[in-house]
Amino acid sequence: MDEKNIKEDLIQYVWNSRLLSGKILQTTTGQLLQIIHPGIWNIHQGPDFLMAKVKIDEVVWVGHIEIHVFSSDWVLHGHKGDERYENVILHVVYKNDSKQNFPADQSYCLELKKLLSPDLLIQYEALKNTAYKLPCAEWIQKVPEHIKNNQLDRMLAERWENRAAKIKSHLGNNYDWEHLLWQYIAHYMVTPANSDAMEMLFGKLDFSIIRRLANREFEMEALLFGTAGFLNDEEGDEYYLKLLNEFKYQERKFGIQKMAVHIWKFLRMRPQHFPTLRLAQLSGMMSHSIPLFDQILQAQDTSEVRRFLQQPVSDFWCDHFHFKDSAHPKKIKHIGKQMQDLLLINAVCPVLYYYGQVMNKTELCDKAFRWIQTIPAEQNSILKLYSSESWLAHHAGDSQAMLQLNKQYCSLKKCLQCQIGNYVLQYKLE
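The sequence shown begins at 1 in the numbering used here and counts up one residue at a time.
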C-alpha cells in the first residue's frame with residue numbers, strides 16, 4: 001500500500017483498539033515500550049489521546065499521545081512550541097521520516113510501519129477507495145447482527161445527544177417545556193420550505209396568549225392566521241371576515257407584530273402540505289390538547305399521544321386548503337398517521353428524552369427509546385442504501401440511527417470510528 005494513502009485515522013484506530021497488545025514494542029531510540037492504557041480519544045483541539053499510561057524501560061509515564069502519519073508532520077502541522085502539546089509523552093507515527101523533531105528529554109516516538117499486518121492495510125485501502133456510497137457494502141452482509149445492532153444503538157443515542165444540544169438552545173432559561181414542545185411540533189408540521197417561516201411565527205407569538213386561548217378554537221385560529229400574515233385583505237367570505245375582525249381585536253389588545261405573508265411558500269406543493277392547512281391543523285391541536293407536555297409525561301404508549309395529535313380542524317378547513325380557493329368535498333382533515341409518526345420521531349420522543357436527562361429521570365429516557373421502537377421505520381433514498389444490502393430498519397429507532405450513521409460516518413468514510421468498519425478491518429472477510 002502506498003504510504004501516501006495512509007491517514008491519521010488508521011494510526012488512531014490501531015492505537016485505540018489495542019491491536020499492539022502482545023507485541024514487543026520499542027521506541028525509535030531503542031527503549032522498551034509497554035502500553036498500560038491508551039488514554040482517552042480526544043475529538044477536540046490538542047493531542048489525539050489524553051492521560052495515557054505507558055512504561056518506557058523501567059519508568060511509567062502518564063501524559064498525552066500525539067498521532068501522525070509521518071514524524072515530520074509534528075512541525076508541518078504547527079504543534080512544535082504549542083503549549084497544548086507540552087505534556088505529550090509519546091508520538092505514534094506510521095513512519096519516522098525525521099530524526100530531529102522530538103526532544104529526547106520530553107517525549108519518545110513509536111513507529112508502526114513494520115508492526116501493521118498486510119491484511120489490515122489491504123482492508124483499510126479497500127474501505128477508503130471503494131466506489132460504493134456505503135463503504136462497507138461488499139462486506140456488510142457478513143458482519144454479525146449483534147455488531148450492527150450495537151452500532152445502531154450507539155447511533156440513535158448519538159443522534160439524540162446532538163438533538164439535545166439544539167433543544168437546550170431553544171429551551172433557554174425559562175424552562176417552558178410546553179412552549180418548547182409546540183415549537184418542535186410546529187416546525188415539523190410544515191415542509192422544509194416553510195420551516196423558517198414557522199419558526200418566525202413562533203418567535204412573534206407570546207405563548208402566554210396561546211395558553212389563554214386553549215379550548216377556544218376560533219380565537220386560536222384568528223391568532224395564528226393573523227400573526228402569520230394571512231388576514232390582510234378586507235374582502236373575503238363570511239368566515240374569513242369573522243377571523244379578520246377577531247384578529248384586529250387581538251392585534252390591538254396584545255400588540256401583535258404580524259409577518260409578511262409572502263414569506264410562506266406554496267409553489268410546487270401539494271394542497272395537503274399548504275401552510276394554511278397546516279396552520280389550521282396546528283390550531284385544532286393547540287385548541288384541544290394544551291397542556292400537552294404533562295399529558296405526554298403521563299402517557300403509557302404512543303397511541304395515547306396520537307389521540308392528542310389527532311384533533312380535527314374547524315368546519316371551514318374540512319373543505320378548503322386556502323382562504324381563496326373554492327370549496328372541495330368535505331373531509332375531516334386532522335393530521336394523518338404519517339405526520340403523526342413524523343411528529344413522534346422528531347418532536348415528542350427527542351424532547352421527552354432530553355427532559356428525562358435534565359430531570360435525571362431515566363425512566364422517561366427509557367420511555368422515549370421504547371416509544372420510537374413502536375413507530376414504523378421511515379423510508380427514503382438514504383435508507384434504501386442499507387436495505388439494498390439486506391440491512392433493514394425494523395422501526396423508527398433503526399431508521400433514525402441509520403440516518404445518523406450515514407450523515408456522520410458512511411458519507412464521510414469514517415469507517416474506523418464505526419464498529420462495523422472495525423470488524424471489516426480486523427477480519428479478512430472473503
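Don't read these hints as lab results, they were simulated from the structure.
Hints may contain errors.
Capping the alpha-carbon separation at 27 Å, the derived lysine-lysine pairs in DSSO-like fashion look like this [to be verified]:
(1) Lys168 x Lys23
(2) Lys324 x Lys258
(3) Lys248 x Lys324
Label-pair ranges, simulated between beta-carbon atoms [to be verified]:
(4) Gln379 x Ser326: 51 to 61 Å
(5) Glu125 x Ser388: 22 to 32 Å
(6) Ser388 x Val358: 19 to 29 Å
(7) Asp319 x Lys407: 48 to 58 Å
(8) Lys7 x Asp206: 20 to 30 Å
(9) Lys414 x Phe207: 21 to 31 Å
Glycine is no exception: its CB is placed at the ideal position from the N, C-alpha and C atoms.
Is Lys248 within 27 Å of Lys324, Cα to Cα?
Within the cut-off at roughly 20 Å; holds.
Given the range 21 to 31 Å, decide if the beta-carbon distance of Lys414 to Phe207 lies inside it.
Given about 40 Å between the Cβ atoms, the range is violated.
Taking the Cβ atom of Ser388 and the Cβ atom of Val358, is their distance within the range 19 to 29 Å?
violated (39 Å)
Hint says 51 to 61 Å; check whether the CB-CB distance for Gln379 and Ser326 agrees.
Since the Cβ atoms of Gln379 and Ser326 sit about 34 Å apart, the hinted range of 51 to 61 Å is violated.
Does the Cβ pair Asp319, Lys407 satisfy 48 to 58 Å?
Given a distance of about 41 Å, which is not inside 48 to 58 Å, the answer is violated.
Can you let me know if the beta-carbon spacing of Lys7 and Asp206 is within 20 to 30 Å?
violated (52 Å)
Lys168 and Lys23 were given as a pair; does the straight-line alpha-carbon distance stay at or below 27 Å?
Outside the cut-off at roughly 46 Å; violated.
Straight-line Cα separation of Lys324 and Lys258 no greater than 27 Å?
holds (20 Å)
Kindly confirm whether 22 to 32 Å is satisfied by the beta carbon distance between Glu125 and Ser388.
holds (24 Å)
Hint check: violations occur at hints 1, 4, 6, 7, 8, 9; the rest are consistent with the structure.
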